[in-house]
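Chemist: For chain A, the structure is supplied; the task is to place chain B on it using the hints.
Protein chains: 2
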Amino acid sequence: MISKSILKYIQSLHHKKFRDEHDVFIAEGPKVVRDILASRQFVCKTICGVDSFFNEYEELISPVEQKDRLILSEIELEKISLLQTPNKVLGIFYKRQPEKVILKNSLNLLLDDIRDPGNMGTIIRIADWFAVKNIICSEDCVDQYNPKVVQASMGSIARANIIYTDLKKFIDDNKEINVFAASLDGKSLYTFDKIKEGLILIGNESKGIKSELLKSATAQITIPRFGAAESLNAAVATGIILSYLLKDV
Amino acid sequence: MISKSILKYIQSLHHKKFRDEHDVFIAEGPKVVRDILASRQFVCKTICGVDSFFNEYEELISPVEQKDRLILSEIELEKISLLQTPNKVLGIFYKRQPEKVILKNSLNLLLDDIRDPGNMGTIIRIADWFAVKNIICSEDCVDQYNPKVVQASMGSIARANIIYTDLKKFIDDNKEINVFAASLDGKSLYTFDKIKEGLILIGNESKGIKSELLKSATAQITIPRFGAAESLNAAVATGIILSYLLKDV
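Which chain is which? The protein sequence lines are A and B, in order. Here the first sequence is numbered in our numbering, starting from 1 and rising by one per residue. Here the second sequence is numbered in our numbering, starting from 250 and rising by one per residue.
If you are wondering where the hints come from, they were derived from the structure by calculation, not from laboratory data. Hints should not be assumed to be uniformly reliable.
[As the list claims (entries may be wrong)] Here are the computed lysine-lysine pairs in the DSBU-like style, where the Cα-Cα straight-line distance is at most 30 Å:
#1 A:K196 / B:K496
#2 A:K187 / B:K496
#3 A:K17 / A:K210
#4 B:K265 / B:K459
#5 A:K148 / B:K456
#6 A:K31 / B:K459
#7 B:K496 / A:K247
#8 A:K247 / B:K464
#9 B:K328 / B:K316
#10 A:K247 / B:K443
#11 B:K382 / B:K459
#12 B:K445 / A:K187
#13 B:K436 / A:K194
#14 A:K8 / A:K95
#15 A:K207 / B:K382
#16 A:K16 / B:K328
#17 A:K17 / A:K207
#18 B:K496 / A:K133
#19 A:K215 / B:K280
#20 B:K280 / A:K210
#21 B:K456 / A:K79
#22 B:K280 / A:K148
#23 A:K187 / B:K382
#24 A:K133 / B:K436
#25 A:K79 / B:K265
[What the hints assert, rightly or not] Derived coverage of chain A by chain B (criterion: at least 3 residues anywhere in the stretch with Cβ under 8 Å from a Cβ of chain B; other residues may be distant):
#26 124–137
#27 150–161
#28 217–229
[Claimed, not checked] Chain A is faced by these chain B residues, among others (derived, beta-carbon under 8 Å):
#29 G476
#30 A477
#31 S492
Backbone N, C-alpha and C fix where the C-beta goes; we use that ideal spot for every residue, glycine too.
In isolation and in its complexed conformation, chain A is listed as follows (with noise of 0.2 Å):
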């Protein structure tokens, strides 16, 4: 049975403030669940879910304590989920703290403003498929956690590193790097090669990047256009430089 205080208590981590008090997020669906707790990245909190998911994850679920796991009804359950046909599964994790970020001899992300929790998650997701493992964030992107992003990411939200920062300082302190910004003026992604190491910078999805980081770039990449389109969504975008310039051949 859920209890009032546990409902409310889940419906409170939606929003960053609560999320942030109680150092905690929530992710949901088998799909998602599963990378985290494989991941062992995450200390799990408590996990909401139907009976066939306890069954079916057994051994996954193995680290989490009785007193921590609640057995629900699919109603139950579709009384705590945000998703539009809730997914077996509901679990809370607390975050943790992000890895020491290493750019040598490897392609990274700058995310500038990104403001959609479907991008950011998308971006996480397509960094995890190229294996680029840390994604420095602007301090205005959204939340990593937002349990929208955390959904979008399919799961790569437990392989990604993330950290939040202020990006012109951080460019400034690693100067030695290269950075490279997606933008609409710059020399067409097809006349680069491939980049072994170096700082992918992504801008906002109106705005595109500040001209204040825009000017920290040692290069700037334009993917070429043929058609009409004004502009290409920030994670497609990001999904196809990422493509062409780690490309294997």
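Modeler: Chain B in isolation, oriented as in the chain A frame:
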């Protein structure tokens, strides 16, 4: 003033059944409405907007008869808007008949069972960026005139030629055109040269491409994975593949 009957009519257009019945769709925000008006591809039924929209886009709106222009207050617009932040204008447009599809000497898209309106809209925007004219959708794809598709296309809906048909039959009827299926078990994208003619087949977000369609493909293309994510978002995959296959080097 917005009457109750207009309010009800606009709300009904969120549903495909009523869009089909009235043969119209809705679009919101200056960018999207402007692109649709400018394309001259869609007859405008009604423009509901705030004063400043009408002043700014006087010339574009000139073909719309006075009786079909409704000047609203911000509060009235809020009542009819689907957007979280209503944005100056909501237009009601008549749907149009798609143009005849010509596949010779061009790259086009086949979409199998794309369900998410955000993905569909983003794919339409990507196609517009890369000058891919024709988007041929399976009958189970989300409706191109779904308001969320229209919004996510960011106006590119005005320039796309989208048809819904039986994909298997379409492929069989166009046997001379190569079909390249995006899959997880194909040849590396990076081994493909620039492709000037063909159909890129993109599958459902979670189930991939139907096996009967996959069998009809000339080749299967895989975006090389370096990390751990199980898949890429369908729109992101479309962007990466189109960008690589159309590269002008």
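Chemist: Determine for every hint whether it applies to the structure shown.
Modeler: So, going through the hints one by one against the coordinates:
1. Between K196 of chain A and K496 of chain B the CA atoms are separated by roughly 21 Å; this keeps the pair inside 30 Å, and the hint holds.
2. At most 30 Å may separate the alpha-carbon atoms for a hinted pair to count; K187 of chain A and K496 of chain B meet this at roughly 14 Å.
3. Between the alpha carbons of K17 of chain A and K210 of chain A the distance comes to roughly 26 Å, so the proposed pair stays at or under 30 Å and holds.
4. Restraint check for K265 of chain B and K459 of chain B: satisfied, since their Cα atoms lie roughly 24 Å apart, inside the 30 Å limit.
5. A distance of roughly 22 Å separates the Cα atoms of K148 of chain A and K456 of chain B; the hinted pair therefore holds under the 30 Å criterion.
6. A threshold of 30 Å between alpha carbons decides the hint, and for K31 of chain A with K459 of chain B the separation of about 22 Å falls inside it, so the pair holds.
7. A threshold of 30 Å between alpha carbons decides the hint, and for K496 of chain B with K247 of chain A the separation of about 14 Å falls inside it, so the pair holds.
8. For the hint pairing K247 of chain A with K464 of chain B, the CA-to-CA distance comes to about 28 Å; that is within 30 Å, so the pair holds.
9. Restraint check for K328 of chain B and K316 of chain B: the C-alpha separation of about 21 Å stays at or below 30 Å, so the hint holds.
10. For the given pair, K247 of chain A sits about 15 Å from K443 of chain B by alpha-carbon distance, which is consistent with the 30 Å threshold.
11. Between K382 of chain B and K459 of chain B the CA atoms are separated by roughly 24 Å; this keeps the pair inside 30 Å, and the hint holds.
12. Restraint check for K445 of chain B and K187 of chain A: satisfied, since their Cα atoms lie roughly 23 Å apart, inside the 30 Å limit.
13. Proximity of K436 of chain B to K194 of chain A is assessed by CA-CA distance (about 20 Å); at most 30 Å being required, the pair is judged to hold.
14. Taking the CA atoms of K8 of chain A and K95 of chain A, the gap is near 20 Å; set against the 30 Å cutoff, the hint holds.
15. With a C-alpha separation of about 27 Å, the suggested pair K207 of chain A and K382 of chain B falls inside the 30 Å cut-off, and the hint holds.
16. For the hint linking K16 of chain A to K328 of chain B, the alpha-carbon distance of about 28 Å falls within 30 Å, and the restraint holds.
17. Of the supplied pair hints, the one linking K17 of chain A and K207 of chain A holds, its CA atoms being roughly 26 Å apart against a limit of 30 Å.
18. For a cut-off of 30 Å, the pair hint linking K496 of chain B to K133 of chain A stands: about 27 Å separates their Cα positions.
19. A C-alpha spacing of about 29 Å is found between K215 of chain A and K280 of chain B, which places the hinted pair at or below 30 Å, so the restraint holds.
20. With a C-alpha separation of about 22 Å, the suggested pairing of K280 of chain B with K210 of chain A holds against the 30 Å cut-off.
21. Taking the CA atoms of K456 of chain B and K79 of chain A, the gap is about 28 Å. The hint holds against a cut of 30 Å.
22. Taken as a hint, the K280 of chain B and K148 of chain A pair is honoured in the structure, with Cα atoms around 26 Å apart against an allowance of 30 Å.
23. Of the supplied pair hints, the one linking K187 of chain A and K382 of chain B holds, its CA atoms being roughly 25 Å apart against a limit of 30 Å.
24. A distance of roughly 25 Å separates the Cα atoms of K133 of chain A and K436 of chain B; the hinted pair therefore holds under the 30 Å criterion.
25. Restraint check: the Cα-Cα separation between K79 of chain A and K265 of chain B comes to about 28 Å, which is no more than 30 Å; the hinted pair holds.
26. Counting residues of the region 124–137 of chain A whose CB lies closer than 8 Å to any CB of chain B gives 8, so the stated coverage by that chain holds, three being the minimum.
27. Residues of the region 150–161 of chain A lying with their CB closer than 8 Å to a CB of chain B number 4, which satisfies the three-residue condition for coverage.
28. For a cut-off of 8 Å, the count of residues in the region 217–229 of chain A with a CB near a CB of chain B stands at 7, and the three-residue condition holds.
29. Checking G476 of chain B against chain A by beta carbon gives a least distance of about 4 Å; that is within 8 Å, so the hint holds.
30. With a least beta-carbon distance of about 6 Å to chain A, the hint placing A477 of chain B at the interface is held under the 8 Å criterion.
31. At a threshold of 8 Å, the smallest CB-CB gap from S492 of chain B to chain A is about 4 Å, leaving the interface hint in force.
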